[in-house]
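Student: Start from the sequences, fold in the hints, and give me the full structure.
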Amino acid sequence: MVNKIEGYTIAEAPEGYQGTGFFATTLGKVVGLARANSLWPLPFATSCCGIEYMATMGANYDLARFGSERMSFSPRQADLLMVMGTIAKKMGPVLKQVYTQMAEPRWVMAVGACASSGGIFDTYSVLQGIDRVIPVDVYVPGCPPRPEQIIEGIIKIQELVKNESLRRRSSPEYNELLSSYGIE
Amino acid sequence: MSNGNIEFLQNHIGIFLQAMVAVIFVVTVMSLTHIIGPKRRTVRKLENFECGIEVHGDARMPFSVKYFLTAILFVLFDVEIIFFYPWAINFKDLATLGFFKMIIFMAPLLFGFYYIIRKGALKWE
Numbered sequence: 001m002v003n004k005i006e007g008y009t010i011a012e013a014p015e016g017y018q019g020t021g022f023f024a025t026t027l028g029k030v031v032g033l034a035r036a037n038s039l040w041p042l043p044f045a046t047s048c049c050g051i052e053y054m055a056t057m058g059a060n061y062d063l064a065r066f067g068s069e070r071m072s073f074s075p076r077q078a079d080l081l082m083v084m085g086t087i088a089k090k091m092g093p094v095l096k097q098v099y100t101q102m103a104e105p106r107w108v109m110a111v112g113a114c115a116s117s118g119g120i121f122d123t124y125s126v127l128q129g130i131d132r133v134i135p136v137d138v139y140v141p142g143c144p145p146r147p148e149q150i151i152e153g154i155i156k157i158q159e160l161v162k163n164e165s166l167r168r169r170s171s172p173e174y175n176e177l178l179s180s181y182g183i184e
Numbered sequence: 001m002s003n004g005n006i007e008f009l010q011n012h013i014g015i016f017l018q019a020m021v022a023v024i025f026v027v028t029v030m031s032l033t034h035i036i037g038p039k040r041r042t043v044r045k046l047e048n049f050e051c052g053i054e055v056h057g058d059a060r061m062p063f064s065v066k067y068f069l070t071a072i073l074f075v076l077f078d079v080e081i082i083f084f085y086p087w088a089i090n091f092k093d094l095a096t097l098g099f100f101k102m103i104i105f106m107a108p109l110l111f112g113f114y115y116i117i118r119k120g121a122l123k124w125e
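So the sequences go chain by chain: F and S.
Under the working numbering, the residues of the first sequence are numbered 1 to 184, in order.
Under the working numbering, the residues of the second sequence are numbered 1 to 125, in order.
Calculated from the structure, these hints are not laboratory results.
It is possible that part of the hints are untrue.
[Unchecked claim] So the derived label-pair ranges between C-beta atoms look like this:
1) F:I155 x S:R41: 37 to 45 Å
2) F:M54 x S:V79: 33 to 41 Å
3) S:F74 x F:L166: 19 to 27 Å
4) F:V30 x S:G4: 45 to 53 Å
5) F:G21 x S:G4: 53 to 61 Å
No experiment lies behind these values; they were computed from the predicted model shown.
No residue lacks a Cβ here, since even glycine has one placed at the ideal position from N, Cα and C.
Tutor: Below you can see the structure in the form of structure tokens.
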């Protein structure tokens, strides 16, 4: 099950029962494996972290190695919302609407100090972290973070995706989390 | 069925099978994802995507057709003029026959142009 090309592992096989010519595991793990290695990011880039994201997508850092080369500029086909940059308070409802319209299941990554906490912009006009309007899964620190850090964030998201229960999104806890943000 | 037909089938059965498998695979996988994929159908989610901004009005609103008519007619006759260039360069070689061929090409277009003028399609005011 482990695909090896010149010594590189494309995707780690999940835990399972293995014998000659077969491999058995749970459906949740297979779905998690498939989802984790084909995340389609929706870049919500508003400032300098967006430039670092461009470097991350470029040839040197190449996010395509993680199955995320297909950026989606419509939320309909996106699994991962990557918020990169300062989010002004006026941008808050827009961000929330974009998140709401994303495909299910969806994950959110706050890249950089501004998206995570407002950063240096401790003013009346800037949202003090996007987790005021939408639930965030992974925070990437840095001002701006280097591409390596963004990749680290992607790997953390992949871990979350791999280990998420298939029932999580219909659980009362998850619905309570969404309704605490006012998202149906 | 004649021998030729049977031979044709035997030679191409692989292609038909592959095409069938491809179609069945795509249809099955796409319908499966639609049936078993997680969904959340709420009003906010199913709204038109306008980059997160509230939708204003209807996409099907009337607008002035004048600009479109002028632009599309310009493109039509502009492309016609492109055909004139090689004809003009080879005008002497093509001689009288070429001239009459061009008239045959031009006649329907000129008739169309006459129709446009009579209909007043190019009147801006």
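Student: Each of the hints needs a verdict: does it hold here or not?
Tutor: Going down the list of hints, with the structure as the test:
Range check, I155 (chain F) to R41 (chain S): about 32 Å between beta-carbon atoms, so the 37 to 45 Å window is missed. At about 39 Å, the beta-carbon gap between M54 (chain F) and V79 (chain S) stays in the expected band of 33 to 41 Å. Separated by about 58 Å at the C-beta atoms, F74 (chain S) and L166 (chain F) break the suggested range of 19 to 27 Å. For V30 (chain F) and G4 (chain S), the hinted distance range of 45 to 53 Å is satisfied, since their beta carbons lie about 48 Å from each other.
Checked against the given bound of 53 to 61 Å, the beta carbons of G21 (chain F) and G4 (chain S), roughly 44 Å apart, lie outside it.
Of the numbered hints listed earlier, those contradicted by the structure are 1, 3, 5.
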